[in-house]
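With chain A fixed as given, assemble chain B onto it according to the hints.
There are 2 protein chains.
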Amino acid sequence: MASVRIREAKEGDCGDILRLIRVKTVGRKPGGTSRVRKTLGSALRADGFGENPFYHCLVAEILPAPGELLGPCVVGYGIYYFIYSTWKGRTIYLEDIYVMPEYRGQGIGSKIIKKVAEVALDKGCSQFRLAVLDWNQRAMDLYKALGAQDLTEAEGWHFFCFQGEAMRKLAGK
Amino acid sequence: MASVRIREAKEGDCGDILRLIRVKTVGRKPGGTSRVRKTLGSALRADGFGENPFYHCLVAEILPAPGELLGPCVVGYGIYYFIYSTWKGRTIYLEDIYVMPEYRGQGIGSKIIKKVAEVALDKGCSQFRLAVLDWNQRAMDLYKALGAQDLTEAEGWHFFCFQGEAMRKLAGK
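Line by line, the protein sequences are chains A and B.
According to this note's numbering, the first sequence is numbered sequentially starting from 990.
According to this note's numbering, the second sequence is numbered sequentially starting from 990.
Keep in mind the hints are simulated off the structure, nothing from the lab.
Careful: at least some of the hints might be erroneous.
[What the hints assert, rightly or not] With a Cα cut of at most 20 Å, we get these calculated SDA-like pairs of lysine to any residue:
#: 1; chain 1: A; residue 1: Lys1162; chain 2: B; residue 2: Arg996
#: 2; chain 1: A; residue 1: Lys1162; chain 2: B; residue 2: Lys1133
#: 3; chain 1: B; residue 1: Lys999; chain 2: A; residue 2: Thr1075
#: 4; chain 1: B; residue 1: Lys1077; chain 2: A; residue 2: Asp1036
#: 5; chain 1: B; residue 1: Lys1077; chain 2: A; residue 2: Ala1032
#: 6; chain 1: B; residue 1: Lys1027; chain 2: B; residue 2: Asp1005
#: 7; chain 1: B; residue 1: Lys999; chain 2: B; residue 2: Glu1107
#: 8; chain 1: B; residue 1: Lys1162; chain 2: A; residue 2: Ser1115
#: 9; chain 1: A; residue 1: Lys1077; chain 2: B; residue 2: Val1015
[Stated by the list, open to error] Ranges of calculated distance between the beta carbons of each label pair, as one might list FRET restraints:
#: 10; chain 1: A; residue 1: Val1015; chain 2: B; residue 2: Gln1138; range: 20 to 30 Å
#: 11; chain 1: A; residue 1: Glu1057; chain 2: B; residue 2: Glu1000; range: 53 to 63 Å
#: 12; chain 1: B; residue 1: Pro1053; chain 2: A; residue 2: Val1015; range: 57 to 67 Å
#: 13; chain 1: B; residue 1: Val1012; chain 2: A; residue 2: Glu997; range: 34 to 44 Å
#: 14; chain 1: B; residue 1: Asp1130; chain 2: A; residue 2: Glu1057; range: 36 to 46 Å
#: 15; chain 1: A; residue 1: Gly1004; chain 2: B; residue 2: Gly1004; range: 41 to 51 Å
#: 16; chain 1: A; residue 1: Glu1091; chain 2: B; residue 2: Gly1096; range: 26 to 36 Å
#: 17; chain 1: B; residue 1: Pro1053; chain 2: A; residue 2: Glu997; range: 34 to 44 Å
#: 18; chain 1: B; residue 1: Glu1144; chain 2: A; residue 2: Pro1055; range: 38 to 48 Å
#: 19; chain 1: B; residue 1: Gly1001; chain 2: A; residue 2: Gly1004; range: 24 to 34 Å
#: 20; chain 1: B; residue 1: Asn1041; chain 2: A; residue 2: Lys1077; range: 12 to 22 Å
#: 21; chain 1: B; residue 1: Ala1155; chain 2: A; residue 2: Trp1124; range: 42 to 52 Å
[Unchecked claim] Counterexamples of contact, computed for chain A against chain B with all Cβ distances above 12 Å:
#: 22; residue: Arg996
#: 23; residue: Ile1051
#: 24; residue: Leu1052
#: 25; residue: Pro1090
Backbone N, C-alpha and C define an ideal beta-carbon position, used for all residues, glycine too.
Bound-form chain A, shown alone (with noise of 0.2 Å):
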């Protein structure tokens, strides 16, 4: 098995992290299309990199066997942010991530996962929370199996979105 290494995104891997979200909106659903947005390459540089970033980015690679020309290569990322509970204060949250096909069942994911937690620990977080698509039976095991709580099942928790004419409607604008 290939040697993986997970580690904080450099404005040079917008590129890969780019590539891989084509991907992954390609491949989403079954019979679903890219939605990605044609602005979406600058605009991870704009707000991943700045002086006070609207996210982090974990990418996992896969380093070269020994002797090989290749370099490293990624094949998965995991896009978080801190966000804040009213009862327990500073809170990480994983909003995206994503394992190529071609690398899952190598507890590629499972790694990601683990490194948030670690980040969400040395920043004095108290919560990891994350949100996932009903029809993910495969994520949401693995969650649970690494000792996720289903808060939608178990509290009743739902998600609820204003967005495009009716969040200006909203506004007044």
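Same frame as chain A, but now just chain B:
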């Protein structure tokens, strides 16, 4: 009906915000008791009013009628922060909203939500997310009436959370 003003909270509002959080946690669910930690007052100050705040807060205050000697009275709050969607970019998240029971039915909650939508548009956010417990039908109806979509119902999003011992174990600490 009394006149209501929604404004950004200042550090001096932390006492009022803490008072409301205490009332909210006691009355959160029938039979519930306050689970607010002792250090919440200092945490609210440190985490919301430093150089890089972890959260932002709006307060709703009732303005005194002409000739009244009392000052404005804070009767509600909305705690929000900025998050990031891989697909949609900058997004605002309303973590917690509360209006004292005595002041409900006057549209104060809606005013807080509308102000959050205004901030969202001003800051270039394309989404405004929040979460609600499914026993809180009144809140769910309000958000839907204001134009929000229930993404748990529509798309199957589930909230997951690691905390306490599960998070430390995950991080190998």
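Outcome of the hint check:
With a C-alpha separation of about 19 Å, the suggested pair Lys1162/A and Arg996/B falls inside the 20 Å cut-off, and the hint holds. Between Lys1162/A and Lys1133/B the alpha-carbon distance is near 19 Å, which keeps this suggested pair within the 20 Å criterion. A C-alpha spacing of about 17 Å is found between Lys999/B and Thr1075/A, which places the hinted pair at or below 20 Å, so the restraint holds. A distance of roughly 12 Å separates the Cα atoms of Lys1077/B and Asp1036/A; the hinted pair therefore holds under the 20 Å criterion.
Our distance criterion of 20 Å between C-alpha atoms is met by Lys1077/B and Ala1032/A, whose separation comes to about 10 Å. At roughly 16 Å between alpha-carbon atoms, Lys1027/B and Asp1005/B fall within 20 Å of each other, so this suggested pair holds. For the hint linking Lys999/B to Glu1107/B, the alpha-carbon distance of about 19 Å falls within 20 Å, and the restraint holds. Proximity of Lys1162/B to Ser1115/A is assessed by CA-CA distance (about 13 Å); at most 20 Å being required, the pair is judged to hold.
About 16 Å separates the Cα atoms of Lys1077/A and Val1015/B, which keeps this hinted pair within 20 Å; it holds. Between Val1015/A and Gln1138/B the beta carbons are some 24 Å apart, a value that agrees with the proposed interval 20 to 30 Å. For the pair Glu1057/A and Glu1000/B, the supplied restraint of 53 to 63 Å holds, since their beta-carbon distance comes to about 56 Å. A hinted range of 57 to 67 Å for the beta carbons of Pro1053/B and Val1015/A is consistent with their spacing of about 59 Å.
Roughly 41 Å separates the CB atoms of Val1012/B and Glu997/A, a value that falls within the hinted 34 to 44 Å. Asp1130/B and Glu1057/A have their C-beta atoms about 60 Å apart, which leaves the hinted 36 to 46 Å range violated. Look at Gly1004/A against Gly1004/B: about 49 Å separates their beta carbons, and that is inside 41 to 51 Å. Against the hinted window of 26 to 36 Å, the Cβ-Cβ separation of Glu1091/A and Gly1096/B comes to about 54 Å, which falls outside the hint.
One distance hint, 34 to 44 Å for the beta-carbon pair Pro1053/B and Glu997/A, is violated here, with the actual separation near 52 Å. Separated by about 46 Å at the C-beta atoms, Glu1144/B and Pro1055/A satisfy the suggested range of 38 to 48 Å. As the Cβ distance of Gly1001/B to Gly1004/A is approximately 47 Å, the hint placing it in 24 to 34 Å is violated. The hint said 12 to 22 Å for the Cβ distance between Asn1041/B and Lys1077/A, and at roughly 19 Å that hint holds.
Here the CB-CB span from Ala1155/B to Trp1124/A is close to 24 Å, at odds with the stated 42 to 52 Å. At roughly 16 Å from the closest C-beta of chain B, the C-beta of Arg996/A stays outside 12 Å, upholding its exclusion from the interface. Remark: the non-interface label on Ile1051/A is consistent with the geometry, its nearest Cβ contact in chain B lying 22 Å away (cut-off 12 Å). Even its closest Cβ contact with chain B, about 21 Å, leaves Leu1052/A beyond 12 Å, as expected for a residue assigned away from the interface.
With a cut of 12 Å on Cβ distances, Pro1090/A stays outside the contact zone with chain B, its closest approach being about 18 Å.
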